[in-house]
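Visitor: So the chains spell out like this:
There are 2 protein chains.
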Amino acid sequence: MPRVIKSPEIRSAELLDCAQRLFFERGYDNTTVNDIIREVGLSKGAFYHHFASKEALLEALSARLARDSMAELQPMLEDPSLDAIGRLNALFAGSRQLNVELAPQLRRTFFVLFRPENLALFHRVDLAARELVLPAIADLLRKGTEEGALDVPDPEAFAEMLLQLRLIFRDVTQQALRQAELGQIEEAAQMLDERLRLYGIAIDRLLKLPDGTIKAVQPGFSRAFLEAG
Amino acid sequence: MPRVIKSPEIRSAELLDCAQRLFFERGYDNTTVNDIIREVGLSKGAFYHHFASKEALLEALSARLARDSMAELQPMLEDPSLDAIGRLNALFAGSRQLNVELAPQLRRTFFVLFRPENLALFHRVDLAARELVLPAIADLLRKGTEEGALDVPDPEAFAEMLLQLRLIFRDVTQQALRQAELGQIEEAAQMLDERLRLYGIAIDRLLKLPDGTIKAVQPGFSRAFLEAG
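Protein chains in written order, with the working numbering: chain A, 1 to 229; chain B, 230 to 458.
Just so you know, nobody snuck in bad clues.
Computed Cβ-Cβ distance ranges for the label pairs, DEER-style:
| no. | chain 1 | residue 1 | chain 2 | residue 2 | range |
| --- | --- | --- | --- | --- | --- |
| 1 | A | R21 | B | K273 | 45 to 53 angstroms |
| 2 | B | A281 | A | E101 | 38 to 46 angstroms |
| 3 | A | D29 | B | A281 | 20 to 28 angstroms |
| 4 | A | Q190 | B | E376 | 25 to 33 angstroms |
| 5 | A | Q184 | B | G449 | 48 to 56 angstroms |
Looking from chain B toward chain A, a few residues come up when the C-beta cut is under 10 angstroms (computed):
| no. | residue |
| --- | --- |
| 6 | P345 |
| 7 | H352 |
| 8 | A386 |
| 9 | F387 |
| 10 | M390 |
| 11 | Q393 |
| 12 | L394 |
| 13 | L396 |
| 14 | Y428 |
| 15 | I430 |
| 16 | L435 |
Just so you know, these hints were derived from the structure itself, not from any lab.
Note that the Cβ used here is the ideal one computed from N, Cα and C, for glycine as well.
Just chain A, with the same shape it has in the complex:
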């Protein structure tokens, strides 16, 4: 059989697809670079030509997931039938839907990514996601302020603050996942729901909206995220 020559982009995408499948099936720790190259049919040298390490592969994978999520959420951020508040609520609703659809994979990814020894990796992944999302949120806040739907003194700085605040969910989600592992799903779901509700109120207040305007949580979301299999 003749050797198939593929472009570097196609090879990278194949490696990412394969890694995603194996990480999600077996977990990150239980997947080796050897497992991945065996499945894809590449040499170790060829693998390291694309990715410096297994960590670099996970980082690229997370960036791709962030890009894909952003592509799904973009229409909500630009929906001409909605004002800024409607768009923010549509963004949260869309994000919840994605979180439930991808729950089993996300739970496993978060479990790896939120570990103390993966702090540097988490930080890089967060930076990638932040760079992608920040301009869209700042734009939304700018337009919302111009339209009088909300009120921030500095759209860029306030967009950064909203994104900074969401990092509280690194510890909170980790705690909920641990509780859920111990079978305490109800307590975990209640705790996560409540923290999401308070995050929504914090956003309301930062944007000068009445408490309860931005719906960061909906009944049943946390339970569905923690249980969906």
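Start from chain A and add chain B according to the hints.
Guide: Frame of chain A, contents of chain B only:
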């Protein structure tokens, strides 16, 4: 001369005092464990009995600085002549004063601590500071809500959010220090002042206070912090 036997606490404190002086004089990178034990007159084995590494020493030093700062700021947090808003403003004023008094040392410490390769160290130092400060802030928010001076739905969670938001100053301070190093003190001071002003407004809004109530910045602070030598 007879060998002087000192208690482990006194030895640890001596090592911390010496390390603090050397780190502040020469910088963290330019100080070795050998430098420190030579000055204190201890063997390497004895040093590692107290601290597992130079990093562990810096972590202990940061925890001590946080404790000392907290001890200085505690009276403001408990001043019976002030309401919750007065206490928060006194806390920021006291913190600014400490920042200017210790500016040369703090600038050097931040320069080390905010480097990407020291992220894990920064995180541990921040956790130590957070554990120390969180209960005091939560208490202040609880009393302030009871007295009607401010209004938060959950003092613990909102205290966590205020502390989470302040982490924006990791990047912002690093940027200001870099600009100042390049001689652009005026631009750096203006940028830092403005970000502190916006942080103050964010706190106002989270606590349901009119914009401008909490004074996180005062004219001249950032310039003094960046220039004090």
